[in-house]
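Respectively, the protein sequence lines represent chains A and B. Residue numbering for the first sequence follows the working numbering, starting at 12 and increasing by one per position. Residue numbering for the second sequence follows the working numbering, starting at 57 and increasing by one per position.
It should be emphasised that the hints constitute simulated quantities derived from the structure, not laboratory data. Careful: at least some of the hints might be erroneous.
[Stated by the list, open to error] On the chain A side, residues computed to face chain B include the following (Cβ under 7 Å):
#, residue
1, Asn62
2, Leu64
3, Arg91
4, Arg92
5, Met96
6, Phe98
7, Gln100
8, Asn102
9, Glu105
10, Ser106
11, Leu119
12, Ala144
13, Tyr147
14, Gly149
[Unchecked claim] Below, computed lysine to any residue pairings styled on SDA-like, alpha-carbon distance capped at 25 Å:
#, chain 1, residue 1, chain 2, residue 2
15, A, Lys122, B, Leu198
16, A, Lys66, B, Leu202
17, A, Lys107, B, Val141
[Claimed, not checked] Example chain B residues on the side facing chain A (calculated, C-beta under 7 Å, incomplete):
#, residue
18, Val178
19, Ala184
20, Met185
21, Ala187
22, Pro189
23, Pro199
24, Glu200
Glycine included, every Cβ here is placed at the ideal spot set by N, Cα and C.
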Amino acid sequence: MIELRNVSKIYPGLPPVEALKEVSLHIEKGEIFGVVGVSGAGKSSLIRSVNLLEKPTTGEVIVDGVSLASLSPEGLRDARRKIGMIFQQFNLLESKTVFHNVALPLYLSGKKKKDVEEKVMELLTFVGLADRAEHYPGQLSGGQKQRVGIARALATDPHILLCDEATSALDPDTTKSVLDLLQRINTDYGITILLITHEMDVVRNLCHQVAVLDQGSIVEQGTVYDVFTNPKSQTAQRFVRTIFQQELPKSIQNSLKEQDHVLRVVFTGENANQPLIAETIKKFQVNINILQGNITELQGKPFGDLLISIHGSTKEIAEVIHYLQEKQVSVEEVKSLGF
Amino acid sequence: MAFDWAVFWPQLIDGILATLIMVIVSLAFSVLIGFPLGVVLVVTRPGHILENRIVYAILSTIINIFRSVPFIILLVAIIPFTRLVTGSSIGTAAAIVPLIFYAAPYVGRLVENSLLEVEPGVVEAAQAMGATPWQIIWRFLLPEALSSLFLAATIATIGLIGASAMAGAVGGGGLGDLAITYGYNQFEVRVIVITVVLLIIFVQLVQSLGNYLAQVVRRK
Numbered sequence: 012m013i014e015l016r017n018v019s020k021i022y023p024g025l026p027p028v029e030a031l032k033e034v035s036l037h038i039e040k041g042e043i044f045g046v047v048g049v050s051g052a053g054k055s056s057l058i059r060s061v062n063l064l065e066k067p068t069t070g071e072v073i074v075d076g077v078s079l080a081s082l083s084p085e086g087l088r089d090a091r092r093k094i095g096m097i098f099q100q101f102n103l104l105e106s107k108t109v110f111h112n113v114a115l116p117l118y119l120s121g122k123k124k125k126d127v128e129e130k131v132m133e134l135l136t137f138v139g140l141a142d143r144a145e146h147y148p149g150q151l152s153g154g155q156k157q158r159v160g161i162a163r164a165l166a167t168d169p170h171i172l173l174c175d176e177a178t179s180a181l182d183p184d185t186t187k188s189v190l191d192l193l194q195r196i197n198t199d200y201g202i203t204i205l206l207i208t209h210e211m212d213v214v215r216n217l218c219h220q221v222a223v224l225d226q227g228s229i230v231e232q233g234t235v236y237d238v239f240t241n242p243k244s245q246t247a248q249r250f251v252r253t254i255f256q257q258e259l260p261k262s263i264q265n266s267l268k269e270q271d272h273v274l275r276v277v278f279t280g281e282n283a284n285q286p287l288i289a290e291t292i293k294k295f296q297v298n299i300n301i302l303q304g305n306i307t308e309l310q311g312k313p314f315g316d317l318l319i320s321i322h323g324s325t326k327e328i329a330e331v332i333h334y335l336q337e338k339q340v341s342v343e344e345v346k347s348l349g350f
Numbered sequence: 057m058a059f060d061w062a063v064f065w066p067q068l069i070d071g072i073l074a075t076l077i078m079v080i081v082s083l084a085f086s087v088l089i090g091f092p093l094g095v096v097l098v099v100t101r102p103g104h105i106l107e108n109r110i111v112y113a114i115l116s117t118i119i120n121i122f123r124s125v126p127f128i129i130l131l132v133a134i135i136p137f138t139r140l141v142t143g144s145s146i147g148t149a150a151a152i153v154p155l156i157f158y159a160a161p162y163v164g165r166l167v168e169n170s171l172l173e174v175e176p177g178v179v180e181a182a183q184a185m186g187a188t189p190w191q192i193i194w195r196f197l198l199p200e201a202l203s204s205l206f207l208a209a210t211i212a213t214i215g216l217i218g219a220s221a222m223a224g225a226v227g228g229g230g231l232g233d234l235a236i237t238y239g240y241n242q243f244e245v246r247v248i249v250i251t252v253v254l255l256i257i258f259v260q261l262v263q264s265l266g267n268y269l270a271q272v273v274r275r276k
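Chain A on its own, in the form it takes in the complex (with noise of 0.2 Å):
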């Protein structure tokens, strides 16, 4: 569906700087795909990319089978049609009403005033805002003003939604309801999303699949569930980080006595439900404190969290260890506290 191969993209300058480093990624149909990454890692070089906003210096950029850089200005211009993108700005003419805004495009490509009548307002009824297509985007709250977005760029029926840091310039419940809208466009029409965030939480909600990009490379890739259980990459483990574990309070560091041992154990799927630590307890006689705890849900498969502390000998804990690994559990002794 959309196929990037070997995308670098440079920007001359002194030094030159170099945004994408032979970016590869493959994205199918149908797929909410993530992509995250700090800023100046490169996201915004990636998404752009896609619909030859920006042109990559090498490598191609593959949609419905179609290398967009052998297409015509025309041929790209139509190519565009059907790739819809929002903005974490929103990017909405001011001066025009929201009505105005989501028919742009089909005045565009020249649809009939009638036709454009009826389909302005079954998007603004999908989004939710029928009631204020007389408004100006100036009238609008910050959420609203994505909901025009999103509106106008499904008008031209799109099969795919790039979204540009999307719900960065929302507070958490607003973005909550533009992502539900989102996911509902991914269900309900089947649309291809491709997103950049750098919000983590922002790819746990919505993404099947999520892409690390740490300085113009991708440096971690896979299903969300295995990604965040299981973080191979330093940069992706402090992503998944910023959601599951926060740092450990001053106050419970000092608490901790010498000979304590800090374990981070990792529950993923069927284990999760299961009372371990108690068992462990009750089998070993060592005391268990929980420091910090965490039980979610990832693309519905449960996922647990836990930092524990074990006071007991070498060899009580080495056998803990085993014990639990034999549960299928994910233990790892935690050396340093301060992350």
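Since the structure of chain A is provided, determine the placement of chain B on it from the hints.
Just chain B, lined up with the frame of chain A:
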């Protein structure tokens, strides 16, 4: 010799009309020339929709050259051209030619500035939805810049009112001419006061109208 008011009043009416004609006609031509100039200056900029460094550099330089020449010099310097166009180098029609030379590049820069105020994201959104360069200009850039364009037109008009008064110095007619022949050459302070007050009223009216129009199309 006492000042003859009976002769002066009809001349004042003629002067007002001459000023209005000079300003309106030269504004119309300046917009006709300057508006496309401003649009081209914006869209040929590096990174813009029709990036073209050569066109941009040439236009920008020409505009700067015309804008560097003081109006009073320009007035004299292009007399041969003026004579070619209007058949004369004095009179209201002859004053309009240098006024256009003066104001068109100015309007070009003003339009350029107004269009540059439009959020780059709006252009990006337009490109993402497959708009042609022509559609981007007419359906995105201009509507979004309209309020600012009205203010730019106000500034250009007021600039032209001032310049048209100076055109009086070469016999262009108008309020400036009256102020110079009666007020300056014959020390008739009352005429200077009357013409200056009229110019102030003109400027006030134009500014108020411009502000009003800018406000009406502004939706923020």
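Violating hint indices (sorted, rising): 12, 16, 17 and 22
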